[in-house]
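Model the full assembly from the supplied sequences, consistent with the hints where possible.
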Amino acid sequence: MSTTSTIVMPGERISAIEELAKSKRVILGPGLRRQDDTVVASKAGPLRHKEPSTFWVDNYQRRYIPARGDLVLGIVRSKAGDNYRVDIGAADTASISYLAFEAATKKNRPDLNPGDLIYARVLNASADIEPELVCVNSVGKRGKLGVLAEGFFFKCTLNLGRMLLRENCPVLAALTRELPYEIAVGVNGRIWLKAHSLRETIALANAIVALEQSGCAEIDKICDNLGDFLQA
Amino acid sequence: MPAKSKPRLSRGVLDMKFMQRTKVKVEKEADDEQSRALYSNEINQKMLNSTSNFIVESSYSICAGLIDGRLSFRGMNPELELLMEQELAEKQGRTKPEQPKEVSDQDMAKAYYANKAPTVAGSMGKKFSTKKDFKRKNSGNESGSPHPKKKQQFKKPRSDDD
Numbered sequence: 001m002s003t004t005s006t007i008v009m010p011g012e013r014i015s016a017i018e019e020l021a022k023s024k025r026v027i028l029g030p031g032l033r034r035q036d037d038t039v040v041a042s043k044a045g046p047l048r049h050k051e052p053s054t055f056w057v058d059n060y061q062r063r064y065i066p067a068r069g070d071l072v073l074g075i076v077r078s079k080a081g082d083n084y085r086v087d088i089g090a091a092d093t094a095s096i097s098y099l100a101f102e103a104a105t106k107k108n109r110p111d112l113n114p115g116d117l118i119y120a121r122v123l124n125a126s127a128d129i130e131p132e133l134v135c136v137n138s139v140g141k142r143g144k145l146g147v148l149a150e151g152f153f154f155k156c157t158l159n160l161g162r163m164l165l166r167e168n169c170p171v172l173a174a175l176t177r178e179l180p181y182e183i184a185v186g187v188n189g190r191i192w193l194k195a196h197s198l199r200e201t202i203a204l205a206n207a208i209v210a211l212e213q214s215g216c217a218e219i220d221k222i223c224d225n226l227g228d229f230l231q232a
Numbered sequence: 001m002p003a004k005s006k007p008r009l010s011r012g013v014l015d016m017k018f019m020q021r022t023k024v025k026v027e028k029e030a031d032d033e034q035s036r037a038l039y040s041n042e043i044n045q046k047m048l049n050s051t052s053n054f055i056v057e058s059s060y061s062i063c064a065g066l067i068d069g070r071l072s073f074r075g076m077n078p079e080l081e082l083l084m085e086q087e088l089a090e091k092q093g094r095t096k097p098e099q100p101k102e103v104s105d106q107d108m109a110k111a112y113y114a115n116k117a118p119t120v121a122g123s124m125g126k127k128f129s130t131k132k133d134f135k136r137k138n139s140g141n142e143s144g145s146p147h148p149k150k151k152q153q154f155k156k157p158r159s160d161d162d
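Heads up: the sequence lines are chains A and B, in that order. Anchor point for the first sequence: position 205 equals 205 in UniProt numbering, and the numbering is continuous, going up by one each time. Anchor point for the second sequence: position 160 equals 160 in UniProt numbering, and the numbering is continuous, going up by one each time.
Don't take each hint at face value.
Partial selection, computed: residues in chain A whose CB lies under 7 Å from chain B [as the list claims (entries may be wrong)]:
id : residue
1  : D70
2  : L71
3  : I75
4  : L165
5  : E167
6  : P180
7  : I183
8  : V185
No lab work stands behind these hints, which were simulated from the structure alone. Quick reminder that beta carbons are idealized off the backbone N, C-alpha and C, glycines included.
This is how it looks when you write it as structure tokens:
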């Protein structure tokens, strides 16, 4: 991923993409809209580009907008008939069927109570209907999804969540040099952490929150000092 | 339209047991036609045959190629770490399918012919060899003489023998 430093504002036409689209296919990510042959930004932030031809706007945001295929952390709010309502930080609560868990049947329901934390995939996301989650993959296996027991949960910006999940992000590797831990990062800006003791867990959470305002370039430098946050 | 000129099956025929699949197909066709007629004044020619170069993808994780957010380090959750390892192995297998060869092609060919090929080549060779070749080979092995034995012929008994 190359980091272009152009900042775009909502309503701004982006002619560079329009030019590129004349010759080949272009993927428009979140924050970009198209009307016929014009491409317009709909969010404010740095315009990102990934080879060969993917563009999106990496804006600062705390409100999650569900998108199909995202992995999110949600809190079970209530049980409504065959579905559970799950809060994923979006405008509407998401729903998850009791059958969307591994080895779940009509007789054998998953043991899910209000307040439980789940790591799930967004199956269905549309502006007009509530998002739908699943906790199994396409072959019915649990994989990495499911209920997260114990640990510590906190919210952050969507940007921080995404930054931690970048393929070559040094943060998580830097943290594990200090402590063994388990983590679940949702692209909806929610993080769940578990270490051997509560003290360690809180220290890790502090270290991650400290990265909140850092840019992509400064990350490496901050990672060297992460040990200090853990001591504090 | 070709659909209109096509002869239609009567309801009586479609209700027969063996026509059920055709019935579903016919119903779907009729449905499609109805909806096409319904929206025909909404859809213009541009919508029908415009080829756009834009693909809209609303997910950050797909656009930016983000990894799965569920991770475990240094044996905190062995089950999860096993999954991570498998995923990594799969990914590496996909990114570089050509692994370095421990034995070069030439060495392989040499070793193959030294070990296995003689038996295979022999059995195939036998198939195409003639009786003459076989005999020559046999005689060569047994006596070691380059010339085949003289064919024994019936000798006429001499008259003074008896």
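Please name the hints from earlier in the document that this structure breaks, with their numbers sorted from lowest to highest. 3
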